[in-house]
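Could you put together the complete structure from these sequences and hints?
Note that the protein sequences, when read in sequence, are chains A and B. Here my numbering is used: the first sequence runs in plain steps of one and ends on residue 224. Here my numbering is used: the second sequence runs in plain steps of one and ends on residue 546.
To be clear, the hints were calculated from the coordinates, so they are not data collected in a lab. Do not take every clue at face value.
[As the list claims (entries may be wrong)] Subject to a maximum C-alpha distance of 30 Å in a straight line, what follows is the list of computed DSS-like cross-link-like pairs (lysine-lysine):
(1) 269/B x 6/A
(2) 354/B x 85/A
(3) 517/B x 113/A
(4) 261/B x 23/A
(5) 354/B x 115/A
(6) 115/A x 62/A
(7) 85/A x 348/B
(8) 85/A x 269/B
Remember, it's a predicted structure, so these values are computed and weren't measured experimentally.
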Amino acid sequence: MIVDIKHLYKSYESGNETFEVLKDINLELKDREFLILKGVSGSGKSTLLSLIAGMERPTSGKLEVLGEPIAKLPDLHISAFRASKIGMIFQHFNLIESFSVIDNVMLPLVPLKIKLKDAKEMALKALNRLNIKELANKDVKFLSGGQKQRVAIARAIVTKPKLLLCDEPTANLDRANAKIFLELIEELNKDGISIIVATHDNIFDELQVKTKLLHISQGQIVDE
Amino acid sequence: MNRLFLNSYVSVYIFSEAVSLILALLLLYITIKAIIKWDFNSNSKEQYSLEKSIYLGSITSHFLLIVKFILLVYLVYTLDAISIYIPGAMCAAGVVSANSYGMAMLGVKFITIFLLMLYVTFEKYDLEAKYYPIFKQREYILLVAILSIFIEGFLDYSYFSNINLDAPVSCCSTLYGNLEGHNPLPFNLDIKSMLLIFGLLFISFIILLILEIKALIFIIAPLFVAISYYSVVYFFGTYIYELPTHKCPFCMMQKEYYYVGYFVWGTLFFGVAFALIWTISKIWLKVDYKGIKRASILLLTLFVILNSSYVLIYYLKNGVFL
Chain A
1 MIVDIKHLYK SYESGNETFE VLKDINLELK DREFLILKGV SGSGKSTLLS LIAGMERPTS
61 GKLEVLGEPI AKLPDLHISA FRASKIGMIF QHFNLIESFS VIDNVMLPLV PLKIKLKDAK
121 EMALKALNRL NIKELANKDV KFLSGGQKQR VAIARAIVTK PKLLLCDEPT ANLDRANAKI
181 FLELIEELNK DGISIIVATH DNIFDELQVK TKLLHISQGQ IVDE
Chain B
225 MNRLFLNSYV SVYIFSEAVS LILALLLLYI TIKAIIKWDF NSNSKEQYSL EKSIYLGSIT
285 SHFLLIVKFI LLVYLVYTLD AISIYIPGAM CAAGVVSANS YGMAMLGVKF ITIFLLMLYV
345 TFEKYDLEAK YYPIFKQREY ILLVAILSIF IEGFLDYSYF SNINLDAPVS CCSTLYGNLE
405 GHNPLPFNLD IKSMLLIFGL LFISFIILLI LEIKALIFII APLFVAISYY SVVYFFGTYI
465 YELPTHKCPF CMMQKEYYYV GYFVWGTLFF GVAFALIWTI SKIWLKVDYK GIKRASILLL
525 TLFVILNSSY VLIYYLKNGV FL
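What follows is the structure, encoded as structure tokens:
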């Protein structure tokens, strides 16, 4: 099992008020599965991704990723786990604009203490896979949205993760680039990476691979 | 209220200690809750909430360790600074001996710092081990450290409120001097025998650490602390002061002696504390913190070199020993 969630709750407190963001979430993701979490803005899908990535801790409930109780581990283990096992792609790409493409892609390898020479080789391989090897030494600030998205994917897969989390990955792309993105993650899924995409974009209906679809509304999974 | 509390050094010290007591109270609440309710396998709201509190407790305990160390240094400085208000006192030695709480207060402060250091080491092991295998054990150590902080608080207040500013106290010469032919050294030792034992214990301590003969380290450590104390006060200190009659563990922490006393006692305390923490970790956790052992050997060696260098430099400068 890649992700195993049972009766998961997440709430935030502000003064005397409690905001329940996620309510009684139950979810399973098996090896090589492709899950699409659909919902409008504020429905709680990004929070769910953050919890699965171990960037936040739940209020209650079981949350296991790759067999590890990720929400309960000490911080240093969560960071190490995320760095080696989980890739992430964000809506705004979250690249460091003043760094070159290859430096951005090499960044996730730093906490894994991989030698610089090996890290460079791994980064070039990832860039090659996304057909942007020629951009390696270019500064990110000079890239188009579509190119930035590819760099973000290269950075997400450079550590060869078992699980890829994508938060609104097509929100900043035009339709043509969004379709290219779909093709790329389909390939990654076929290569054995389990994928969860949180989106409200209908373009994901066009995916060719078998997907599992969950609708999330007001913090609850409403249908499958 | 004792007029001493109006002194700026004392009031800053008491205020800081009061803040650390409040933090210790918070820590006590978290620690007791953790000991009673901790269940790593539970996914309940209470457990997640407790894990958050533990994080706060961890930061608080690390902060307290730093604060307690700084406050110990500051206390010694304060005791020296207020010696001018206490009749008869020439340095912190006289001030500490102003009532029976003084030495106990200092002793408990060293114990608190040691316990907090031990807790931090156990916590490091626990966090690195992923699933908190020694969680409750480490919390019990923290509980003892917190109790030590409360005892400290009681002794701090008792000590400062019971200093009589009108009653004369003894100066360091009276307290530590060789009065009326009385030998202040334990077991009626003479200086040469004491130095021989000091050297032998130091070498034994280092060898035991290198060969990792753990049980004997617990025996050697307190003996080495005791013999070091007497050796510094009754032999090495006289070379720091360059005066054979000046025997005091506190004066060397004054500006006139370049505050060297802080390094002398600091290297001894941390050298021995690290040795004990390494030994306890090795026996209890079955883990070999080589860095801690190396730090201990380095600090103990520095302690001996620092003290011996004063004797050597005096001899090279003057051609004679004191």
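To see whether the hints hold, each was checked on the structure:
Pair hint residue 269/B plus residue 6/A holds up; C-alpha atoms about 13 Å apart against a cutoff of 30 Å. Between the alpha carbons of residue 354/B and residue 85/A the distance comes to roughly 16 Å, so the proposed pair stays at or under 30 Å and holds. Taking the CA atoms of residue 517/B and residue 113/A, the gap is near 26 Å; set against the 30 Å cutoff, the hint holds. About 25 Å separates the Cα atoms of residue 261/B and residue 23/A, which keeps this hinted pair within 30 Å; it holds.
Taken as a hint, the residue 354/B and residue 115/A pair is honoured in the structure, with Cα atoms around 25 Å apart against an allowance of 30 Å. A C-alpha spacing of about 36 Å is found between residue 115/A and residue 62/A, which places the hinted pair above 30 Å, so the restraint is violated. Distance restraint check for residue 85/A and residue 348/B: the Cα-Cα separation of roughly 24 Å lies within the 30 Å cut-off, and the hinted pair is therefore satisfied. For the hint pairing residue 85/A with residue 269/B, the CA-to-CA distance comes to about 27 Å; that is within 30 Å, so the pair holds.
Violated hint: 6 only; the structure is consistent with all others.
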